[in-house]
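> Residues per chain, in single letters:
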Amino acid sequence: MGESLEFLRTLMNDPFGFLDIPVRQIITDIVNWIVANFRDFSRTYISPPVRGVMNSVQWALSSIPPGIFLIGIFLLGWWAASWRIAVFSIVSFALIGFMGVWDQMIITLSLVVTAVFFCILFGLPLGILSSRSDRFYAILRPILDIMQTTPPFVYLVPAVMLFSIGNVPGLIATIVFAMPPVIRLTNLGIRQVNSEFIEAAVAFGSSRRQILWKVQFPLALPTIMAGLNQTIMLSLSMVVIAAIIGAGGLGLEVYAGLERLNIGQAFVGGIGIVLLAMVLDRLTQGLGEKAPGVRHKAD
Amino acid sequence: MIRAENVSKIFGSDPESALPLLKQGKSKDEIREETGQTVGVNNASFDIEPGEVFAIMGLSGCGKSTLIRCVNRIIDPTAGSIFFKDPEHGEQDITTLNAEQLRILRKRHMSMVFQHFALFPHRTVLSNASYGLEIQGRSNDERELRGQQVLDMVGLGQWGHAYPSELSGGMQQRVGLARALATEAEVLLMDEPFSALDPLIKVDMQQELKKIQRELQRTVLFITHDLDEAMRIGDHIAIMEEGRIVQIGSPEQILVNPRTDYVAKFVEHADPTGVITAGTIALPFESDAFESSGERDGIRYSHHRDHPQIRYGRDRDGRLRGVTIDDREVPMQQLEQVLDAAEGAEVSRLRDEVAITCSEETVLRRVLRGRLHSTLPVIVTTGDGRARGLIDDPELINGILEKRGHTA
Ligand SMILES: Nc1ncnc2c1ncn2[C@@H]1O[C@H](COP(=O)(O)OP(=O)(O)OP(=O)(O)O)[C@@H](O)[C@H]1O
Ligand SMILES: [Mg+2]
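Note that the protein sequences, when read in sequence, are chains E and H.
Taking our numbering, I'd label the letters of the first sequence as residues 3 to 301.
Taking our numbering, I'd label the letters of the second sequence as residues 255 to 662.
Just to be clear, a hint being listed does not mean it is correct.
[Claimed, not checked] The calculated SDA-like cross-link candidates involving lysine to any residue, where the alpha carbons are at most 25 Å apart (straight line), are:
{"#": "1", "chain 1": "E", "residue 1": "292", "chain 2": "H", "residue 2": "414"}
{"#": "2", "chain 1": "H", "residue 1": "361", "chain 2": "E", "residue 2": "197"}
{"#": "3", "chain 1": "E", "residue 1": "292", "chain 2": "H", "residue 2": "420"}
[Claimed, not checked] One side of the interface only, derived from the structure: several residues of chain E facing chain H at Cβ under 10 Å:
{"#": "4", "residue": "47"}
{"#": "5", "residue": "48"}
{"#": "6", "residue": "50"}
{"#": "7", "residue": "198"}
{"#": "8", "residue": "199"}
{"#": "9", "residue": "208"}
[Said to hold, decoys possible] The following label-pair restraints were derived from C-beta to C-beta distances:
{"#": "10", "chain 1": "H", "residue 1": "299", "chain 2": "E", "residue 2": "193", "range": "37 to 43 Å"}
{"#": "11", "chain 1": "H", "residue 1": "416", "chain 2": "E", "residue 2": "63", "range": "37 to 43 Å"}
{"#": "12", "chain 1": "H", "residue 1": "464", "chain 2": "E", "residue 2": "194", "range": "56 to 62 Å"}
{"#": "13", "chain 1": "H", "residue 1": "489", "chain 2": "E", "residue 2": "123", "range": "55 to 61 Å"}
{"#": "14", "chain 1": "H", "residue 1": "286", "chain 2": "E", "residue 2": "26", "range": "56 to 62 Å"}
{"#": "15", "chain 1": "H", "residue 1": "304", "chain 2": "E", "residue 2": "193", "range": "39 to 45 Å"}
{"#": "16", "chain 1": "H", "residue 1": "415", "chain 2": "E", "residue 2": "261", "range": "45 to 51 Å"}
{"#": "17", "chain 1": "H", "residue 1": "518", "chain 2": "E", "residue 2": "141", "range": "56 to 62 Å"}
{"#": "18", "chain 1": "E", "residue 1": "29", "chain 2": "H", "residue 2": "351", "range": "42 to 48 Å"}
{"#": "19", "chain 1": "H", "residue 1": "422", "chain 2": "E", "residue 2": "155", "range": "53 to 59 Å"}
{"#": "20", "chain 1": "H", "residue 1": "351", "chain 2": "E", "residue 2": "57", "range": "52 to 58 Å"}
{"#": "21", "chain 1": "H", "residue 1": "415", "chain 2": "E", "residue 2": "260", "range": "26 to 32 Å"}
{"#": "22", "chain 1": "H", "residue 1": "415", "chain 2": "E", "residue 2": "57", "range": "39 to 45 Å"}
{"#": "23", "chain 1": "E", "residue 1": "135", "chain 2": "H", "residue 2": "416", "range": "35 to 41 Å"}
If you're looking for bench data, these hints aren't it; they were derived computationally from the structure.
Idealized CB from N, CA, C, for every residue including glycine.
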């Protein structure tokens, strides 16, 4: 009688003492196993193309004289959105230059462009596949949830172990974190296309592929552009985190400024990131509204 | 051209389970109660001649859209066959076609017009009109040429570069029509194409369709929930109720002779003046309302009991030879001439004493108009020139109000 009372008391006070799930150890083992087995693979097959794209983009962007760049960004803003956005864009970029972080901005922009490039490269086909197969999407969905909700700090270390220090692990982490919106919104956009348009396409004898490329995809484009916009914003939000593991650019300004308690330096980097984010956001939004599927009487 | 035999479509998890009940003649509600399946189409059969407009009419939810979609297999029928006779392949059962054959059927032989237009919003009007040609794999030049041609045909030649959202509803449906005409498919499926349009534009479009149909002679399956529209456009009309086709006939047959109460209810509010013909309502000279009033010079005269002073003379072949009032000869004139002469003139309250003649096929509306110009009954003649009977006020009123003639 007294024994069982004693048992109940311990159970209530410390119910977790009875079982110890060694998650730490399991994860460490798994990561070690992955690193041991895939390090060579990732360093020979994944790093080079990612680094290659990054370097080409950076080379291309930094070879444009800043003056020409400013004019280009103005024209782009005008074409993609409006003259207001064009003015806003050129002023923002000029400010970045006047603050003395132009070169860092170019690196950050290259990081973002590279990450977005890979997000589209893999995200678009995955999104299209998801829209055509419920089963595929059912499998993919929890993976997307994990990609989006796991705090990036958690996978920084394995990323470094697999890809070593530098831009590449930062890029990989960024791609993982920023890809889900492209997949989700491509899937959503295609599924949302009104069935009457699909029926019309079918009635005229279109094949599944023709329906996809002639009707569904173009009509999903505004939604896909919204996903792209989110992806760009998410990858910009990763640049500071990526700097912790060796990525350069504006993120590094912030990180280094914080480390040295140089608030001014950190803020300059931060303002640069915000300006870059706002310009990219307006430009991609403008592009999304330009898609012919959302054309209205008013314009 | 298209022949449907006992086509049924049942929606639900186990459509086959409802088929035996359909055979027993159970109603849609009974079947839903017993099996949980929804009957879309119930044993529909019809036969559409090449070049005719076949209208299917019925209340909302009676299965019209389901039936028309069975014809191009956007919906697969649960039972039954649909035969399509095309000049190249002879007769084939659409329900047995595989995916590839179906695509060919839709690409080349059948096109469709939709109630809510279903124009592709991201494509220009021209590129919408030529969508079917694109799917057929025609060259750019050909597409542009043919697309422009059909746009001209529907009166939108100037709008090729606009987007659908810049067009009014009526114009959008013209584009829908152009898109369907462009592929030169022999069969045109139209699912309530004008239901979403304003009444005036609707009538416009009906006339436009009739005009185009006179030129192109497509075979048209036309869905509508408006009996007047069905009668204006259809050569034959099928009336649907709860998935069943309850009557098929020419507009006049349906109007004069509704087979069920359901059909009668529709007919009650229909406008008969453009449908019912003089031959149907004419009071025949052979009926016992007429009495002989003697013979002179080989011409036999007769008169209506109520108007002995008006006498109609016919020769041995039954041809009209003269009309007299109180033995005075009255001029005779064909209805067409009377109406042509009166065109644009003001209506006079002083009507002439003219004996107007018209053919059996003349619709009620024209006979009424003729009556504006003469006080005398209208004489109806057959194709071979025989005088068949008279139309006086009682016949006209009966025709309009009761939608009934003397032969009915
Ligand atoms: N995909 C579907 N699944 C289940 N039931 C359906 C489906 N499509 C139609 N039905 C049912 O089939 C019946 C016929 O529908 P249908 O759309 O053919 O009617 P309709 O005559 O075209 O009506 P409307 O004039 O409203 O267009 C209705 O009872 C409808 O609820
Ligand atoms: Mg319908």
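> Tell me if the beta carbons of residue 415(H) and residue 260(E) are separated by a distance inside 26 to 32 Å.
At roughly 56 Å between Cβ atoms, residue 260(E) and residue 415(H) fall outside 26 to 32 Å, so the hint is violated.
> Decide if the proposed pair is consistent with the structure: residue 292(E) and residue 420(H), CA atoms, cutoff 25 Å inclusive.
holds (16 Å)
> Do residue 299(H) and residue 193(E) keep their Cβ atoms within the hinted range of 37 to 43 Å?
The hinted range 37 to 43 Å holds for residue 299(H) and residue 193(E), with Cβ atoms some 38 Å apart.
> Kindly confirm whether 56 to 62 Å is satisfied by the beta carbon distance between residue 464(H) and residue 194(E).
violated (39 Å)
> Hint validation: residue 50(E) versus chain H, beta carbon distance must be below 10 Å. Holds or violated?
violated (39 Å)
> Range hint 56 to 62 Å: satisfied by the CB atoms of residue 286(H) and residue 26(E)?
holds (59 Å)
> Given residue 47(E) as an interface hint, is the shortest Cβ-Cβ distance to chain H below 10 Å?
violated (39 Å)
> Against chain H, with CB atoms and a cut of 10 Å, does the hint on residue 199(E) hold up?
For residue 199(E), the interface hint holds, since the closest Cβ of chain H sits about 6 Å away, which is under 10 Å.
> In this structure, is the beta-carbon distance linking residue 415(H) and residue 261(E) contained in 45 to 51 Å?
violated (59 Å)
> Mind checking the alpha carbons of residue 292(E) and residue 414(H) for me, to see if they're no more than 25 Å apart?
Status holds; Cα separation ~20 Å.
> In this structure, is the beta-carbon distance linking residue 489(H) and residue 123(E) contained in 55 to 61 Å?
holds (58 Å)
> Indicate whether the distance between the beta carbons of residue 29(E) and residue 351(H) respects the range 42 to 48 Å.
Violated, at about 57 Å.
Hint compliance for this structure: hints 4, 5, 6, 12, 16, 18, 21 are not met, and every other hint is.
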